[in-house]
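Undergrad: Here are the chains, one letter per residue:
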Amino acid sequence: MNFTSPTPASRSSAPSGTAATKMPPPPRPSLRQRLGRRPFGLTFWAGTAILLFYLLAAFSALYVFHSSLNRVAVNPSWIPPEPFAPAIGPSSGHLFGILPGIGTDLFRALWQATPWDLTIVGGILAFDAVIGWLLGSLAGMNEGGTLDAVVSWIGDTLGAIPSFFLVIGIFAGLSALAPSEVSIPLFVLLFGVIIWPSTARLTRDRARLVARQPYVEATRACGGSRTRILFRHILPGSATSMLTQLPLDVSPIFFVLIIFPWFWDCASAGASLSSPVYLLPGLPPFYPLPSVYFPEWGNLLAIGVCYGLPISTGLVAGTVYWWMFLFPLAAILGLAFGISFVCDGLDRRLSMAHH
Amino acid sequence: MRGRPVHRFRISPYIRYAIQRLLLFPAQLLLVLLILYLALYIPSVLATGQYSGLTGFWSGFSQVVINDFSGNWGVSIQFGGVPVAQLYAWAIPQSIELAVFALGFAAAIAYPVSLLTGWSRRPPVDETVRITSLFGTFFPVIIAGGAVTAGLFYWFLSTYHDIPIGILPNSFWWLDQGYYLPPSWVLFTQAFTAPTGFPLIDGAIHGAWSFEEVVLLKTLIQAGLIAIVYVSIFLRHSFTIVRDAREELHVVAARSRGVSDRALLWRHTARRVRPTFLLLFALTLPAYLGTQFVVEATFHDYGLGTLVFLTLTGQIPPRQSLAPILESWQVMMFLLAIAVLAWLVAVDLIAHRLDPRPVTGK
Chain A
1 MNFTSPTPAS RSSAPSGTAA TKMPPPPRPS LRQRLGRRPF GLTFWAGTAI LLFYLLAAFS
61 ALYVFHSSLN RVAVNPSWIP PEPFAPAIGP SSGHLFGILP GIGTDLFRAL WQATPWDLTI
121 VGGILAFDAV IGWLLGSLAG MNEGGTLDAV VSWIGDTLGA IPSFFLVIGI FAGLSALAPS
181 EVSIPLFVLL FGVIIWPSTA RLTRDRARLV ARQPYVEATR ACGGSRTRIL FRHILPGSAT
241 SMLTQLPLDV SPIFFVLIIF PWFWDCASAG ASLSSPVYLL PGLPPFYPLP SVYFPEWGNL
301 LAIGVCYGLP ISTGLVAGTV YWWMFLFPLA AILGLAFGIS FVCDGLDRRL SMAHH
Chain B
356 MRGRPVHRFR ISPYIRYAIQ RLLLFPAQLL LVLLILYLAL YIPSVLATGQ YSGLTGFWSG
416 FSQVVINDFS GNWGVSIQFG GVPVAQLYAW AIPQSIELAV FALGFAAAIA YPVSLLTGWS
476 RRPPVDETVR ITSLFGTFFP VIIAGGAVTA GLFYWFLSTY HDIPIGILPN SFWWLDQGYY
536 LPPSWVLFTQ AFTAPTGFPL IDGAIHGAWS FEEVVLLKTL IQAGLIAIVY VSIFLRHSFT
596 IVRDAREELH VVAARSRGVS DRALLWRHTA RRVRPTFLLL FALTLPAYLG TQFVVEATFH
656 DYGLGTLVFL TLTGQIPPRQ SLAPILESWQ VMMFLLAIAV LAWLVAVDLI AHRLDPRPVT
716 GK
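From first to last, the protein sequence lines are chains A and B. To convert, note that position 163 of the first sequence is 163 in my numbering; the numbers rise steadily by one, no gaps. Start counting at 1 in the second sequence, then tack on 355, and there's your number in my numbering.
In short, the hints are calculated from the structure, not lab data. Hints should not be assumed to be uniformly reliable.
[To be verified] Cβ-Cβ distance ranges computed for the label pairs, FRET-style:
{"no.": "1", "chain 1": "A", "residue 1": "Arg34", "chain 2": "B", "residue 2": "Ser611", "range": "36 to 44 Å"}
{"no.": "2", "chain 1": "B", "residue 1": "Pro538", "chain 2": "A", "residue 2": "Pro179", "range": "52 to 60 Å"}
{"no.": "3", "chain 1": "B", "residue 1": "Phe490", "chain 2": "A", "residue 2": "Gly144", "range": "46 to 54 Å"}
{"no.": "4", "chain 1": "B", "residue 1": "Tyr372", "chain 2": "A", "residue 2": "Arg212", "range": "17 to 25 Å"}
What you are looking at is a predicted structure, and each value in this text was computed from that prediction instead of being measured. Ideal Cβ positions, reconstructed from N, Cα and C, are used throughout, including at glycine.
Model the full structure from these sequences, guided by the hints.
TA: So, in structure tokens, the structure goes:
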């Protein structure tokens, strides 16, 4: 039996008693028409522009620093901070000033760090999105089933330990076995694997609602396979939850990259209670970056806060060297806002499609 | 013939739910321990070639479980051989005292702000909340803490003859008060207090009212900072919850009956979102703990936060060997997991009780 239904146009135009003439389907709207019907909005385009700028910076850095991408250029005469050497602020020669401690030009170091940071953040978010979205959707689709129980239970248990501490802890354990060359890929993989429960939890709730929608029931009644229902309806329908959570997961990544070098250099109990640290900064043990000279925004910000913001001595003894922490901070915030704007824009467009 | 009705003992759905949640708790703790054992302990044993097969695996795991539950956590080299369990017992009250003030502030700000911003239908409010919450989420706490410390330093020093670093006054302040050394109830010069470990309570017990004034002010400054940072994280989710609750049937029905907007917001919607806010707080507890730990570390308090970072950077146990560091990490993460999981269970049960929606089903 053929249950092919006539199009509304053919139904209305077919005169009674005569054979229905098949009308051609309406033309598919062009890309411009579709975009005009559900525009992306200003925030999406602002986010896209920011991310394109970062991508441009990353590719140009790959070209300019191709022979020395792993290490910032160091000038030993810039290393001693105040009061042993004058602080060099932004000027035409050094656009973002000089970062003492490791003695490097901040503009070049930040530029050099762009491909590394984009890779780290992009890699972690990719793992987070794929695992969280897929497992959350599968759990929501099988609500009350074994898979749902297992995913929820593992997610809740993993989520009980703050992800940033768990990542550093487990990284330390695994780095005892893994060679140091794979430390950054291992860190990216581990972070992605540990951070997914928050994404999965939100996606699961959304997938539960989508799985009960009449069109999903209809597909099931028509014999649509579970794989088809998952890929055709559940995953697209629950993407909004994943897009809401994804930008928030940028925060713990930079938290780890900033806080451990900062605590190690600046805030360790013996070093800072009585006197400020005027030492060459180092990295804590079991940290993913190979050395303190590795170009990475979080590491640069930690050093900048250590030397630029006189936490231990206050404004009485020290001066605020704003450029040392403001520019690395702006680089991190810019990327985070770019990702958030793009995700928010996509989320709104998808929400409009569903309503 | 009809016999006497049989009164079977029936457990209420709420009690049944509570029992289920409580039974899940030890299983979750065991899973946490197994994850930590597999990820922290086994690689270090494998790396040193000391792995002794499956028997060794299970005996090692049971030893870890026994040690963790019995408080056999080793000794701290940095604090003169003090047992780590004692160190935690000193540090935890200081962190709890700070958390009480910080959570009080956070609740006082987050509850009305979430309700008001979620209730508003004006796009500028929506955009402002989104941008503010994103800014609060991404802005590193160490910079906020550093700015507060540096900004208040001179004023604090000139007014109280103390620096805003550390919850307890420093040794110069005690000297200024006429003490050559701090009194005996202040341990390790300026790290902890006795007998309870809560600085404000211990100060009151010993009648040290100027000490109370300084400690209270420092606590309020740090609690205010934690609250502001945490509220911006909380707000990102909470205002969406209110926005959804605004459209629910009982609110729409009450509006159609002519109930004022004020009553709709503060009675109908507020009652509905209260349990969800509690659940949201439980879900964002790791974020709250992270914020408080960083603030404690920034201000150099000897609370749980500083201990956590000292442990994670390998400064509490001897640094020559990997295994003791990993064991101390395991203890610290185990304690965090107990705190978060216990809080999740408690909040789940409270939220279940507070939810005004009727329970349908069996």
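Undergrad: Determine for every hint whether it applies to the structure shown.
TA: Each hint tested on the structure:
At about 38 Å, the CB distance of Arg34(A) to Ser611(B) agrees with the hint of 36 to 44 Å. The supplied range of 52 to 60 Å is met by Pro538(B) and Pro179(A), whose beta-carbon atoms lie about 54 Å from each other. The beta-carbon spacing between Phe490(B) and Gly144(A), approximately 40 Å, falls outside the hinted interval of 46 to 54 Å. At about 23 Å, the beta-carbon gap between Tyr372(B) and Arg212(A) stays in the expected band of 17 to 25 Å.
In terms of the numbered hints stated before, the structure departs from hint 3 and from no other.
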